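Peer 1: Here are the chains, one letter per residue:
Protein chains: 4
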Amino acid sequence: MSLACGVDIGGTKILAGVVGDDGSIVEEVRVESPATDVDAITDAVSGLVADLATRHAFDNVGVGAAGYIDKQRSTVLFAPNIAWRDVNLRAELEQRTGKSVVIENDANAAAWGEFTFGAGADIDDFLLVTVGTGVGGGLVLDGSLYRGAFGIGAEIGHMRVVPGGILCGCGNLGCYEMYASGTALVRMAREAAECGRADGLLKRAGGEVESIDGPLVTTAAREGDLAALSLLGELGRWLGEGIASLTAVLDPAMVAIGGGVSEADELLLEPAREGFLSQLTGRGHRPELAIRKATLGSRAGLIGAADLARR
Amino acid sequence: MSLACGVDIGGTKILAGVVGDDGSIVEEVRVESPATDVDAITDAVSGLVADLATRHAFDNVGVGAAGYIDKQRSTVLFAPNIAWRDVNLRAELEQRTGKSVVIENDANAAAWGEFTFGAGADIDDFLLVTVGTGVGGGLVLDGSLYRGAFGIGAEIGHMRVVPGGILCGCGNLGCYEMYASGTALVRMAREAAECGRADGLLKRAGGEVESIDGPLVTTAAREGDLAALSLLGELGRWLGEGIASLTAVLDPAMVAIGGGVSEADELLLEPAREGFLSQLTGRGHRPELAIRKATLGSRAGLIGAADLARR
Amino acid sequence: MSLACGVDIGGTKILAGVVGDDGSIVEEVRVESPATDVDAITDAVSGLVADLATRHAFDNVGVGAAGYIDKQRSTVLFAPNIAWRDVNLRAELEQRTGKSVVIENDANAAAWGEFTFGAGADIDDFLLVTVGTGVGGGLVLDGSLYRGAFGIGAEIGHMRVVPGGILCGCGNLGCYEMYASGTALVRMAREAAECGRADGLLKRAGGEVESIDGPLVTTAAREGDLAALSLLGELGRWLGEGIASLTAVLDPAMVAIGGGVSEADELLLEPAREGFLSQLTGRGHRPELAIRKATLGSRAGLIGAADLARR
Amino acid sequence: MSLACGVDIGGTKILAGVVGDDGSIVEEVRVESPATDVDAITDAVSGLVADLATRHAFDNVGVGAAGYIDKQRSTVLFAPNIAWRDVNLRAELEQRTGKSVVIENDANAAAWGEFTFGAGADIDDFLLVTVGTGVGGGLVLDGSLYRGAFGIGAEIGHMRVVPGGILCGCGNLGCYEMYASGTALVRMAREAAECGRADGLLKRAGGEVESIDGPLVTTAAREGDLAALSLLGELGRWLGEGIASLTAVLDPAMVAIGGGVSEADELLLEPAREGFLSQLTGRGHRPELAIRKATLGSRAGLIGAADLARR
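Chains as they are written, first to last, in the working numbering: chain A, 6 to 316; chain B, 6 to 316; chain C, 6 to 316; chain D, 6 to 316.
Keep in mind that the hints were calculated from the coordinates and are not lab data.
Don't take every hint at face value.
Derived lysine to any residue pairs resembling SDA-like cross-links, with alpha carbons at most 20 Å apart [stated by the list, open to error]:
1) B:76 - B:56
2) B:76 - A:275
3) A:208 - A:242
4) C:76 - D:214
5) B:76 - A:149
6) D:298 - D:268
7) C:208 - C:224
8) D:76 - C:258
9) D:104 - D:7
10) A:298 - A:316
11) A:76 - B:147
12) C:298 - C:238
13) D:76 - C:208
14) A:76 - B:128
15) B:104 - B:127
16) A:76 - B:258
17) B:208 - B:231
18) B:76 - A:43
19) A:76 - B:148
20) B:298 - B:274
21) D:208 - B:104
22) A:76 - B:37
23) B:76 - A:295
24) D:76 - C:228
25) C:208 - C:228
26) C:76 - D:7
27) D:76 - C:265
28) A:76 - A:18
29) D:76 - C:238
Okay, the calculated beta carbon distance ranges per label pair [claimed, not checked]:
30) C:41 - B:17: 45 to 55 Å
31) C:275 - A:31: 55 to 65 Å
32) A:127 - B:56: 45 to 55 Å
33) C:41 - D:292: 45 to 55 Å
Owing to the predicted nature of the structure, the values given are computational and were not obtained by experimental measurement.
Using N, Cα and C, we set each Cβ at its ideal position, and we do this for glycine too.
Can you make the complete structure from the sequences, with help from the hints?
Peer 2: Shown next as structure tokens:
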């Protein structure tokens, strides 16, 4: 079995793995990493790859990172949450590891993973929406990963959904990810708790509003907490309404929902479908689009990056 | 020179022409047509094609129509402004004309025309935005016309830009075309005139608010009417802000603005660029996107449809 | 018992009654009337008053009308739904009836009725919100009817709640009454039915989308129709969110909800309270405001107008 | 001349003065004060009053503070920017100073000052809008200061103007003061500078985006800087559009604009009038409302508080 190495640089941790050409993970390692320190990230990635290389034979490394990657898949032009600005990460990593490296946007890598081995395996036009700290997107169109003219397409989280809306980390007002991400879920949950509309959540958080996080809300919802269900419902509707706009533009055959918040399963997906149908232009006159949960979970990026590196 | 026939079915008229493989128009005919009568449209198209066929040798006919066309380029699934519902227009026209026919979405056809012979000729990833009665879109990605999984992609006019916004003909609230189309321009202009904020326009319209239309506003703006300039400015900003959202998703190399309202040239394009830059995520960290006027004018759809029919 | 005559000019009918100083109605008559014909309305009002005067002794007539009434309570400056423009209705009616007449805004009259004999009887600062064809408001502040500097205050239905929102009959975009009125309820219900999200309502309407009206939705909701409950919930939330804005400005001691849609009782009021609390600034740090149903029903305007005429 | 003491507790400083019954200030003292420390504020106010009392004879002290004050004008229920929660400031200050004290909302006090001695002196129904760190409001209706049923009316800055809008310090999304305050001006200016759309402002700020503040923008606008003019224009339009909503509800005879940002004079007021007229319901059919600059400047609160204390 041909092996490749995949790396996924997240906000709080870095995940690396050796991946077979069937999408299976042979070995996986991880390290906590501060998202803000560029050099520490490069060190950590190099270290993980070198470590894996002592036990596995691979030539290619694919790295998924949250940011704008240039068309050559070498340089991180800009990252909203990490201080990368025009960093040739490919050159640095190739020099340090001696491997052939490609850099991919993390959501693109995850979309490719899901397309090749996961939820989109039977589909040619496919949109992955990752709902985590932000909202990311990856597009497979006519069976190819779509990167955009400059390599920075599918940044769906920065489509504006509310003019004059909530201030986004990107500097604009009203971006989609301010309403449909895990961050939005936590903001809404804490607000509800502060106003006495989510006593159950507050109790679970030991009375500390700041201790309310996404998994706490999801767990509470699973156990029937009405406030938590309502919050996931509101998040899901925003999510689905945005997918309706994206569908008007992209007309995908399927949308998969990934990212940490997708662990809420149907508690998120069902209101997302409702929101989607309520806003879909031409509904009733077009084939129906499935909205499904992504199947590779948090390893989609790693698996996709490895596969892209091999090609 | 190989010839093909192109037809563009608009809201008030049908345009047909014989087009060379260099994009030149050998002969062009047109007929007024009520947008609401499906049979009359089919009759009119057949008549125009038959007429042209008496003087020119062609085998292929490409028809551009405002509506959702299925992936097989045969059936109009739904048209927002014409009463087509699941009509196999291709079969009907092939039977009547004896020619090989393909049906394309009108904005897709226009995008292909601009890509092949016009504003996008040097570009691989290209978005055409047509600003007319509505806002249409056509996408060329990696050098191919992108139709979407079901043939109905690039319906950018129905991206939602204002939650709870103006009621669109499609039944949703807040669609892009309610803010950035010629219809929006006329609505804003009449409203301004009614409130005494556009006396110059009212005077040009002979004192009749209902006589204010798009060309009147554009002409007034060209002659320095401040209210008209302000209206085109507001329209342009909405247009550009929407293009910023589309760019986050699609990352095109260039955007061309076509449709009737694009006749306002820089009076529309300059505020569109301002609106675009004010809302573009990651600006300053990404290559700059040109927003240009389309170059084929009202014949883009006809030329593109003919070329697509030939391929 | 001292008697006065009250008249309420509505969109489709005119109601007149002889009212005692305890708010009781001695006799009531009504006539259907086209809302568009100004002279027919004047004729009809005169006729009703003359008829009542043959059987009852009264000197004063109070007329409630949907429009901007000047500070002198004489002239209808403007009516959004009737073609009154600067009509001295008081002079016309006094001449025709020989009685002393005052003209009041209909929602103001209803607020005074509720304040004097109904829901606001124990309260000094009181806001009546009428939810009917539009959204009207009446304000009693420090125990006096508040008319505004020019006699046209409390037009709460034209507070803007969505920038760039739905086009209102007043010519602006995004007015409160476009989201929180009976008209909004019907629009949402028909839209839901068209998209297959309200089959129960469609069935009740005999399959005719256009036959869906407000009472049909309310009846269905009372009988447990989920789509109808959801629609009243959405309407109620918009209503309550607007009341939160009005409360920030006005700080009333109580809000009463009147108008035809208030017949939905708690199915409307409960979501209104939720929407209100979710948006109330400083909640938890201010006394809680009661939102109650108005108690005089459709006669509030008539009773209030009569009482105002007497004072 | 009868004297009273007025105190204005602001975000960064406390101003106290001895005021004659003609509104003239006999002596004024001030102290810098951290807005966050409640005890330090009480100490500072007591100290200033005691100091003034050594040189002037007065019995009454009026204190204006940014917060919700109860109807008895004693207790600060809640302050958005200071940690007051249910503090009986009146009792504390009376004990410490031996004077008779009333507490007033700062914008209410300023409105009373303007009504009695300033811009509203010839008017019975009057709205003061203060544009500073936030947007405050004070209402004089029928010649009386309107405090609301619970003493917390006229908090106009927390009327919602954008559903799902910018997160306000009060915990809600989309409050008026997020779009029309000095804070909004600074946010927009810094954003413009970061994106290269306000190079002139950046240069004035020594290249430091964080050094851009409101007075810098106003100064630049006065000297013709186009970006600064455009920013004040946008602020003014939001301001005026909100006043249109407030006018629908309140129908004042005049609106005065005070607060620090009003120093921009017509550069702010002219676009405010434009925004107002563009959104005023029934325009053309109602008397025209003047929007003027307040005339007492930063001393309006102090003067008004002193006068209210005396009555």
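Peer 1: Against this structure, judge whether each hint is valid.
Peer 2: Verification of the supplied hints:
1. With a C-alpha separation of about 29 Å, the suggested pair residue 76 of chain B and residue 56 of chain B falls outside the 20 Å cut-off, and the hint is violated.
2. Of the supplied pair hints, the one linking residue 76 of chain B and residue 275 of chain A is violated, its CA atoms being roughly 28 Å apart against a limit of 20 Å.
3. Of the pairs offered as hints, the one joining residue 208 of chain A and residue 242 of chain A is violated, with about 26 Å between alpha carbons and a cut-off of 20 Å exceeded.
4. For the hint linking residue 76 of chain C to residue 214 of chain D, the alpha-carbon distance of about 51 Å lies beyond 20 Å, and the restraint is violated.
5. With a CA separation close to 18 Å, the supplied pair residue 76 of chain B and residue 149 of chain A stays within the 20 Å bound.
6. The straight-line distance between the Cα atoms of residue 298 of chain D and residue 268 of chain D is roughly 9 Å, inside the 20 Å bound, and the hint therefore holds.
7. Taking the CA atoms of residue 208 of chain C and residue 224 of chain C, the gap is about 13 Å. The hint holds against a cut of 20 Å.
8. Only pairs whose Cα atoms come within 20 Å are accepted, and residue 76 of chain D paired with residue 258 of chain C is accepted, the gap being roughly 12 Å.
9. Taking the CA atoms of residue 104 of chain D and residue 7 of chain D, the gap is about 15 Å. The hint holds against a cut of 20 Å.
10. Taking the CA atoms of residue 298 of chain A and residue 316 of chain A, the gap is about 26 Å. The hint is violated against a cut of 20 Å.
11. Straight-line distance between C-alpha atoms of residue 76 of chain A and residue 147 of chain B comes to about 12 Å, which keeps the hinted pair within the 20 Å bound.
12. A hinted pair counts as satisfied when its Cα atoms are at most 20 Å apart, and residue 298 of chain C with residue 238 of chain C qualifies at roughly 16 Å.
13. Distance hint between residue 76 of chain D and residue 208 of chain C is unfulfilled; the C-alpha atoms sit about 53 Å from each other, more than 20 Å.
14. Our distance criterion of 20 Å between C-alpha atoms is met by residue 76 of chain A and residue 128 of chain B, whose separation comes to about 15 Å.
15. Of the pairs offered as hints, the one joining residue 104 of chain B and residue 127 of chain B is violated, with about 32 Å between alpha carbons and a cut-off of 20 Å exceeded.
16. Of the supplied pair hints, the one linking residue 76 of chain A and residue 258 of chain B holds, its CA atoms being roughly 12 Å apart against a limit of 20 Å.
17. Simply put, residue 208 of chain B and residue 231 of chain B have alpha-carbon atoms about 14 Å apart, close enough for the 20 Å limit, and the pair holds.
18. Distance hint between residue 76 of chain B and residue 43 of chain A is unfulfilled; the C-alpha atoms sit about 46 Å from each other, more than 20 Å.
19. In summary, the hint linking residue 76 of chain A to residue 148 of chain B is supported, as the alpha carbons are separated by about 16 Å, within the 20 Å threshold.
20. Annotation: proposed proximity of residue 298 of chain B to residue 274 of chain B holds, straight-line Cα distance about 8 Å (limit 20 Å).
21. Taking the CA atoms of residue 208 of chain D and residue 104 of chain B, the gap is near 66 Å; set against the 20 Å cutoff, the hint is violated.
22. Distance check on the hinted pair: residue 76 of chain A and residue 37 of chain B sit about 47 Å apart at the alpha-carbon level, beyond 20 Å; violated.
23. The straight-line distance between the Cα atoms of residue 76 of chain B and residue 295 of chain A is roughly 18 Å, inside the 20 Å bound, and the hint therefore holds.
24. Under the criterion of a C-alpha separation no larger than 20 Å, the hint pairing residue 76 of chain D with residue 228 of chain C is inconsistent with the structure, at around 44 Å.
25. Taking the CA atoms of residue 208 of chain C and residue 228 of chain C, the gap is about 14 Å. The hint holds against a cut of 20 Å.
26. A distance of roughly 37 Å separates the Cα atoms of residue 76 of chain C and residue 7 of chain D; the hinted pair therefore is violated under the 20 Å criterion.
27. Distance check on the hinted pair: residue 76 of chain D and residue 265 of chain C sit about 34 Å apart at the alpha-carbon level, beyond 20 Å; violated.
28. For the hint pairing residue 76 of chain A with residue 18 of chain A, the CA-to-CA distance comes to about 26 Å; that exceeds 20 Å, so the pair is violated.
29. Between residue 76 of chain D and residue 238 of chain C the alpha-carbon distance is near 34 Å, which puts this suggested pair outside the 20 Å criterion.
30. In this structure the supplied range 45 to 55 Å is violated for residue 41 of chain C paired with residue 17 of chain B, their Cβ-Cβ distance being about 32 Å.
31. Take residue 275 of chain C and residue 31 of chain A: their Cβ atoms lie about 57 Å apart, and the range 55 to 65 Å holds.
32. Checked against the hint of 45 to 55 Å, the pair residue 127 of chain A and residue 56 of chain B passes, with Cβ atoms roughly 47 Å apart.
33. For residue 41 of chain C and residue 292 of chain D, the hinted distance range of 45 to 55 Å is not satisfied, since their beta carbons lie about 26 Å from each other.
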